[in-house]
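Using the hints, position chain L against chain R.
Going line by line, the protein sequences match chains R and L. First residue of the first sequence: 2, per our numbering; consecutive thereafter. First residue of the second sequence: 2, per our numbering; consecutive thereafter.
Treat the hints as calculated values from the structure; they're not laboratory data. Misleading hints may appear alongside valid ones.
Put simply, identical chains are the same to the list, so a pair is met inside one copy or across any two.
[As the list claims (entries may be wrong)] With a straight-line cut-off of 25 Å between C-alpha atoms, the simulated DSS-like cross-links for lysine-lysine are:
#1 K655 <-> K230
#2 K67 <-> K130
#3 K249 <-> K230
#4 K658 <-> K724
#5 K461 <-> K26
#6 K206 <-> K307
#7 K266 <-> K307
#8 K383 <-> K72
#9 K612 <-> K724
#10 K313 <-> K261
#11 K500 <-> K26
#12 K383 <-> K148
#13 K25 <-> K500
Since the structure is predicted, the reported quantities are computational estimates derived from the model, not experimental observations.
Protein chains: 2
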Amino acid sequence: MKKHNFSLLAALLLLPLSLMAQDKKQFTLDNLIPGGATFWDFYPEYTYCAWNDNVLMELDADNAYKVSDNKGKLLKNRETFLTKDDINSQIDQEKYGKVRSMMYCSFDYPGQPVVTVQTDKGKLQYDYKNKQVVWFGARNIGAQAEKFEKNSRNTAFVKDHNLFVRTADGTTNQLTADGSRELVYGQSVHRDEFGITEGLFWSPKGNRLAFYRMDQSMVADYPQVDIFKREATYEPDKYPMAGMTSHKVTVGIYDVQTGKTVYLKAGDPTDRYFSNISWAPDEQTVYMIELPRSQDKAELVSYDAKTGERLKVLYTETHPKYVHPVHPITFLPWNDKQFIYQSERDGYNHLYLFDVEGKELKQLTKGQFVVQELVGFNSKAKSVIIRSTEASPIRSNFYSVSVKSGKRQVLDGGEGVHSGKLSADGRYILNSWSSPKVTRRYDLVATEKVSTPQTLLDSKDPWEGYDVPEITGGTIKAADGTTDLYYRLIKPTNFDASKRYPAVVYVYGGPGIRNVEEARNYDARGWEIYMAQKGYVIYVLDNRGSCDRGFEFESCTYRHLGDEEMKDQMEGVRFLKSLPYVDADRIGVHGWSFGGFMTTNLMLTYPETFKVGVAGGPVIDWKYYEVMYGERYMDTPEENPEGYQNSSLLNKAKNLKGRLQIIIGYNDPTCVPQHSLSFLNACMEAGTQPDFFAYPGQGHNMIGISRVHLHDRITRYFEDYLK
Amino acid sequence: MKKHNFSLLAALLLLPLSLMAQDKKQFTLDNLIPGGATFWDFYPEYTYCAWNDNVLMELDADNAYKVSDNKGKLLKNRETFLTKDDINSQIDQEKYGKVRSMMYCSFDYPGQPVVTVQTDKGKLQYDYKNKQVVWFGARNIGAQAEKFEKNSRNTAFVKDHNLFVRTADGTTNQLTADGSRELVYGQSVHRDEFGITEGLFWSPKGNRLAFYRMDQSMVADYPQVDIFKREATYEPDKYPMAGMTSHKVTVGIYDVQTGKTVYLKAGDPTDRYFSNISWAPDEQTVYMIELPRSQDKAELVSYDAKTGERLKVLYTETHPKYVHPVHPITFLPWNDKQFIYQSERDGYNHLYLFDVEGKELKQLTKGQFVVQELVGFNSKAKSVIIRSTEASPIRSNFYSVSVKSGKRQVLDGGEGVHSGKLSADGRYILNSWSSPKVTRRYDLVATEKVSTPQTLLDSKDPWEGYDVPEITGGTIKAADGTTDLYYRLIKPTNFDASKRYPAVVYVYGGPGIRNVEEARNYDARGWEIYMAQKGYVIYVLDNRGSCDRGFEFESCTYRHLGDEEMKDQMEGVRFLKSLPYVDADRIGVHGWSFGGFMTTNLMLTYPETFKVGVAGGPVIDWKYYEVMYGERYMDTPEENPEGYQNSSLLNKAKNLKGRLQIIIGYNDPTCVPQHSLSFLNACMEAGTQPDFFAYPGQGHNMIGISRVHLHDRITRYFEDYLK
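Just chain R, same shape as in the assembly (with noise of 0.2 Å):
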């Protein structure tokens, strides 16, 4: 509707002043799923930035401009600072490639005029001052993993199944040579749980590295088949189920100087988990966090790093439900015998000062909420950022806490979601941020003092002119009567009270998510605008299983996952019937993966109230999910069957009443197909009639165009049985 002719401008001037928001534009789902081709024209203005020490640099394809001096004021007027082309002007191109953007650019010494940028060829460090190269590093084609240490200039990397580490002058050392998909080395493990993310762990100067061995040789092979080779072909991918017989996992610790490996004698690694590795400064001591398969304890282990010997259990925690530890140890940077240990313990997420023996010092954070971040250190105030839910449970912010005192202050402003990075020495931080009144900031923010933030840029709405609905936050009571919980609900645009309209649930509800943010559009999905623009009101509520709420909030559900959630989504079902703009025979629900579950057991549960359902990846029974997610809050299949039988929707295939779409990545690894499979087969049997789709070479969530067509696909169903 860009262009219009002057007759239906006239006409248009006739009508009443409600139906010209029929003239504002329409979003197709290409403006607004991630994938879709203009997707990135309708997201908020966005711009890359790095520290240099104090000073703020902002980054384009072409340049670094200084926007800050060094005691955190915003220049006027940014600076060019370093080119493209002043780097490669002067760098021999033939022998270190060339240098395509400065987007990525990095200033990692502190103190030393030395800026890091990525060439064809790999990664170069160049003196800007001096206009040289100061090192260069090849590319490591091909390789699984890779990780590379400032100080020393070494670079551990996987390749093959193998670990290799080169060192600054490019000299390789082969470290392992049985490496194979059975045997994995520096690669993360555990399934990515307990925070894992990574394999690799150097060593703060970069004289050693810490690496993950995985050998999964007894694990079962999960078969996922590509077929888009010439004949489909099989692709295993070892899975091990709830109960089902696990990985062992040890850790290795290798010496640049000396090319040795040792390996830290945690005993028997059957059925153990160990995460959250950690260096002390002086590289001598590895920290880890131990849990028995149980879940039921944690421990932090000291080793030493040169022989492996298990030096001292310097912290035990224990819960009859589970201990869920995901952030490693922090060293206090001016004291090198005090860290930073985190726990739930209290029933919040929060802060705790160790020293190195093990003895407690302080909590250094306390209250009803939850810190979501030990952002970093302003070693000159000595004090610790974070990012908590202080000043709401669906607000995020940056506090400043005094190690001495324990005397928190909040640093910017206390309202929306906001997250950022720390200059050099903590005194600064560069705070990207949102809230239902700003679309998208970028402020400059000191850690010591409170400040009035200064504004690098205040993104416009990219969304003006078109057909926005109108987006509320709320919070309604719990199931259980007190607890508040929050949610968001969007009306459909063009709304007219006096109609009824349906509307849709989206769900997640599982543990280690939170859907309501007070962030822009209480964070809205592009889905969700769409549906809003098609006539659906859309609510979203974060029920007590959720996280970012406490322990009590999120672990109520242990083993019988599904039962409080739903209660608690029925609560919201029964606030969205109050409205009198709101059709209650018209009421559908989707979610994915967990929000998968809870579509589809909602769809079976209460088949009286849920009229269509469209379930992304969803688990189906928690014997097919794998040990560590799953035994966490289910225990084994052998250690509580009934709930497992319970929370089984196999058993409720026979339920089904209204339409149900189960939509799948054909090689999901995460939420494998045999869920979905299974449910299949178990309404065949029951004589239901489940509808399904499948994305071949997919995996757990869809990515690129075939996230726009999903979105089309789940419309189109609401669209067909709900409308």
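For chain L alone, kept in the frame of chain R given last:
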């Protein structure tokens, strides 16, 4: 509608008579679909029979009744001949087990009073005159294949992939030790093409065993997955796709007396087919029909059974398209130097008489009709008994053919569709048949002189009182303007000529199969009856490319499968649209396998015509189909790139406009899931939206209750989108 209250009855009395049809009983899918709980209650009455010499026996669980004398005259009242209890009371049940049913007993030794029955423990041969056990062979638990030879009482069987022969006295010899899933002995080869259904071939007196040996170690595995294990497991299945490396077959001959095996010296088995194995009456010579991978040549070759030496090429047939032999040679019972060879060389499958030197003596049958079966011989009259389409392309009747004069005479009146079994010397047939007028009839028919058939059982219409639609047959012209094509047309029940109904085309359309026969209801499938009851017109047309109409009719699709077939189906649609009661805007299409290919192709090629389609187990791209069938009709992808390109539905995914649901058996070993999954991906890339469903654990066709579920699913789809 079983219970009426009085006022409803009173109201009905006031309605015009034409509406009373609604009072007829309505079918459920369970009544009409094989696998349904009440399917057999709605199936025409049937009976089990066996020939004892020239005496016809009728069998039930407890008894064998004599129902005819030995001169082909049915008795007025059947006589109990032998009972289960007779046998059980006379045998040592501890040793031989217990006879559970007489239903499958047989009388295999003309002139001897011996019955063969199964007991719990094995195969028992019992002399009912002298009331004693003649022979017993213990059950072979776990055999992958088994073949009993009645004269020698030798049994060949395959266990754990290896081949064994057990002689009459129970001695077992192991013939092979290297059998595996890669090296297959004694089972069907070449994926059941060329009429092959088994891999063990006893010589006429049981002194020698011919068997297949298939090396498929070089063939790619299609990765099937069993989701019913605790954790899904990999089930590889050797599947050579068009143009890819195929298996190698050889034929072994085991001599029971010497215990030695020779292999037929047929030369390099690479890319060759060894089919239609048969024996000379004297057991000294083995015959097979050999084809190159190109399938454009068939050679009938004789081998010395003792040495394996290749003796002679007796007959060679070539065709620029393909030669498709599916019948082994058959020796005349009264002349062991003459045999019958079947060939389509004159355009229709006919019988040719040869002598063992390979001299063609005469063409026994001739005309524009197809010999469908060589049923056997009347040795006294020296005639061949066949079934053919001579009376009509959609009938199948018994004829005797005099070997001497070539004179044919129809034995069964020439109406309907017949099948049956000859008595020991071929003088009589137990003829089971139906026609649009005859539900099902079992007649005793003489083969020498045409006589009035005597009726053993004339089945009542099992659908009396039910709301049965009008089913008619007819012909239209093919797209070539000259060829007659046969259809059946089913009107909705409670038909009102003034209304306009949605219509569904059911289609197969591929070689080797026809859908329209002049049998009961023109061979309508139960689902068609169900749909008629739901208010749909059903139309089924056998297009060019289908079987029993001669070589040109079936092979006009060579190298471009789908094209001619669709043109003819569109003629059918033109006819449908000409019917005043068909709503041209609501045409749907449904088919399975080749019919799934046709359905998908029609939806994508004529998107303006077809609004809704359900395609089951479809071929999507012939490159994913197997070598034997696929290359016969399409050559290899290398030889016929345009043909493969043009017929690939992946390239047409963008054309999808209507609603198309693809349904597969998740473990389909015939039309592997790669077809449909590739199509889903092509649609995702093209931005079109097919629907999809899969039945875990099911193969190319749904069986049991899943078949009922499937048809409920198919019906629902048309009800959702075509009604």
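Now the hints, each set against the structure:
no.	hint	result
1	K655 <-> K230	between (38 Å within a copy, 22 Å between copies)
2	K67 <-> K130	within (15 Å within a copy, 112 Å between copies)
3	K249 <-> K230	between (33 Å within a copy, 24 Å between copies)
4	K658 <-> K724	both (17 Å within a copy, 21 Å between copies)
5	K461 <-> K26	within (17 Å within a copy, 68 Å between copies)
6	K206 <-> K307	within (15 Å within a copy, 82 Å between copies)
7	K266 <-> K307	within (11 Å within a copy, 70 Å between copies)
8	K383 <-> K72	within (18 Å within a copy, 115 Å between copies)
9	K612 <-> K724	both (11 Å within a copy, 21 Å between copies)
10	K313 <-> K261	within (23 Å within a copy, 74 Å between copies)
11	K500 <-> K26	within (22 Å within a copy, 43 Å between copies)
12	K383 <-> K148	neither (30 Å within a copy, 88 Å between copies)
13	K25 <-> K500	within (21 Å within a copy, 44 Å between copies)
Of the numbered hints given earlier, the model fails hint 12 alone.
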